[in-house]
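Asker: Sequence:
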Amino acid sequence: MRNQSMLVKMIVYGCILSVLPVVFLGAYAYTQSAKQVRERVDQAELQYVRQLNASIEQVLTTVDHTLTNLVESNVMDQSLYSPLGALHFQLYNHLKSEITHLQSFDTKVEDVIIVNEQQDWIVKNSGIRRLNDHPDRDTYLAYFELQHDSSWVLLDKSAFTDAISSYSCPQLVALVKKLPAIRIDKYGLAIATIPVCQIAQMMTDGAEAEEVIVLDADGQIMVHRDPEMIGRSLASHPVLGGQVAFEATSGQVQVTHDRELFTVTYYKSGLNGWTYATVVSIEQLTRESRQIGWLTLGISLGIILTSIVSVWLVSRRLYTPLNQLVRAIERDPSGGGAGPGNEIEVIERHITALFRSHSNLEREMRSHAQQVSALFLSRLYAGQLRQAEIADKLAYFGFSGDASGWKRMAVAALQVDTLEHSRYEPQDMELLLFAMMNIAEEVVPKGSRLPAVLVDRSLVLLLGSGEEEQQEADQRLYALTESLKRLIQQYLDLSVSIGISLWFTEMKQAARAYDEALEALKYRLRLGKGVIVPLGSVYADKPSVIIAYPDRTEHELIDAVKLADEAEALRLLHSWMEEAELKTRLPGEYQLALMRLLNRLLVLAQEANAMHGGTSAGYNVSMHDEVLALHVGEEIEEWFKDKLIVPLVRLFGERRDSADQKLSERIIDLIAHHYASEFTLDDCAAKLHYNASYLSNIFKKETNMTFSEYLAAYRLQMAKRWLTETDMTVKEIAERLKYTNSHNFIRAFRKQEDMTPGQYRSRYRGV
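Take 0 as the starting number for the sequence shown in numbering that gives the first Met the number 0 and just add one per residue.
Hints were generated in silico from the structure; no laboratory data involved. Each hint should be verified, as a subset may be incorrect.
[Unchecked claim] What follows is a list of derived Cβ distance ranges for each label pair:
#1 Lys521 / Pro646: 36 to 44 Å
#2 Thr417 / Gly587: 30 to 38 Å
#3 Ala43 / Asp217: 23 to 31 Å
#4 Ala675 / Gln751: 16 to 24 Å
#5 Ala28 / Ser358: 54 to 62 Å
#6 Met428 / Arg362: 27 to 35 Å
#7 Leu324 / Ala675: 37 to 45 Å
#8 Gly400 / Glu677: 52 to 60 Å
#9 Ser54 / His100: 17 to 25 Å
#10 Gln102 / Ser54: 13 to 21 Å
#11 Thr30 / Ser150: 48 to 56 Å
Beta carbons are placed, not taken as given, at the ideal position from N, Cα and C, and that holds for glycine.
Produce the complete structure using the sequences and hints provided.
Answerer: What follows is the structure, given as structure tokens:
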């Protein structure tokens, strides 16, 4: 079985053209969208870190400003130089009031601790105590060792004996300011504490998997959602430990932990040197882009699947005519496309074979065209063509272009004078005429002639002239014929004579001109051999002896009579009478034409055994004498109609009807013998050796029924007979009558009889 390689190639090529762009476009779309999403997520992370920094720093700045105001207030200045004993309760109350104002919701400050080492007191939310008696005296005094006068530090609740916070979170962020602010030697401290968990609550839940870290300048974790991480060094972080160095003011770095990639987004504060950072897994960051990727993949796969199905359907549809063509080529018995290869190669080989056969056919057609052209010219000179046929044939053979420019035409007939005393034998005549034809076509320019043709033992040439003056045309015609005669004498050593007709202007007059050329050749008896005889010079100032005769109309009239077409025969008789009157110029010529027609009809009657002798019924007068006794055209036409045309038409009609009837009877007899088989009109035509269409027309005319209608009616009659006279079942009858099944037989029977076969049997059996 032939491999359908072209179909596979079309599908593969179509899939490549449709799938690759989708793949590239999908990959590009995913890459760009993922990139944009990643950039947007990175920007969102950085924006979140900045926002977190702004929120926390707002609190820290507020605390710093309010604590600074407290430190620089008159109350604080007085308190630093006062022992705050019992007598100073008003000052203490003022100080306590200022501290209370500092502890607001906006500042998130839980407690403000004032330590005065010089005056030996410490003030907290819980009250005032002597510093020397406080259990955490050394812890507080250690903050004098801080490098700066104002510092943010991380306090661990476990480092203090006296509770410094009521919150559950173990760490506090504290702002420590040394006092007095304007003196170099410091002996007091102002400490504002904020629970770390309060700051941690300010971290919005951007994502559950997002880790937020706040580091001080030394890399200590100040704020974290996980209390265990607060106070630890960044180096101890499980992900970031030892991998990250926050060198720039802000940015993003990537770290790897347990073969998982993380993105660290950070921002350094200019307020206190703290670093705000977020740690997010790359997988978490790219979750949205992965969703886009899956969506892009799904859409791309859908488009690819649709494209593949569409390519398959379209390829099959486009391949179908190609496949049908290849199958037709393979079924070709000539085997022009046989051989290995794909469909295109098979078609190419077949087309090459077609071109080869076409070239051969063209060569054959060219050779046949010359023969057909010669046949056309022979019929033209014999007067067997109508004017319309002449014009069509001239155009068909390509002669009309040259002939349209001719002002006048003439026919030249060449004949060999004699072969005696020459080197040629009589059997060489055809070869000599062929050689003369080649010489004639070489001498006379193609645009001034029609092809030379051999008619009987003459070479006939129709010459055309475009000269306005007849004298110029005569001179040119004589020069051509003289040159032709001389060359034939020179090359073939033959003596030829040439007869030339009178000039004529219409191509339909070529038949008369041919007769004139032959008439001119008859004057060789008087003028001798090797002469050129223009008929115009022989009969100068005399009428032509050539009698025009309507041959074509006569042939059509005879055909109409044979076909028993009375109306057409009478019409052609009338046309013949008119043409004869127009073409004949003398009464004698007209009577000769009538005698010629009469003789042709008498021959037809003799062939049909319709006439006995040459007399008209009831008169002992010759039919020729009867015609010559008539002198009026209408009477002559009526005589031909009554005496010959109508009787002959009826005779041929009766014979045709009798033959048609016998043929129809033979068809009916065949139907009677073959109705129980698959018998068709073609089978009948094969048995009778007639054309099927001809038999169909004859049978329809005789019986007013088509062959199939009569066969169906005959089978129906046989079915009725079997239903009433036999015990055959309906199925058996249907099978014998060649119905495909009993249902079709019942349907056809009911259509004709308005009842089923069973009902018909019940009603008419035994009647």
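Asker: Let me make sure I understand: some of the numbered hints might not hold for this structure. Which ones are they, in numerical order?
Answerer: Those not satisfied: there are none.
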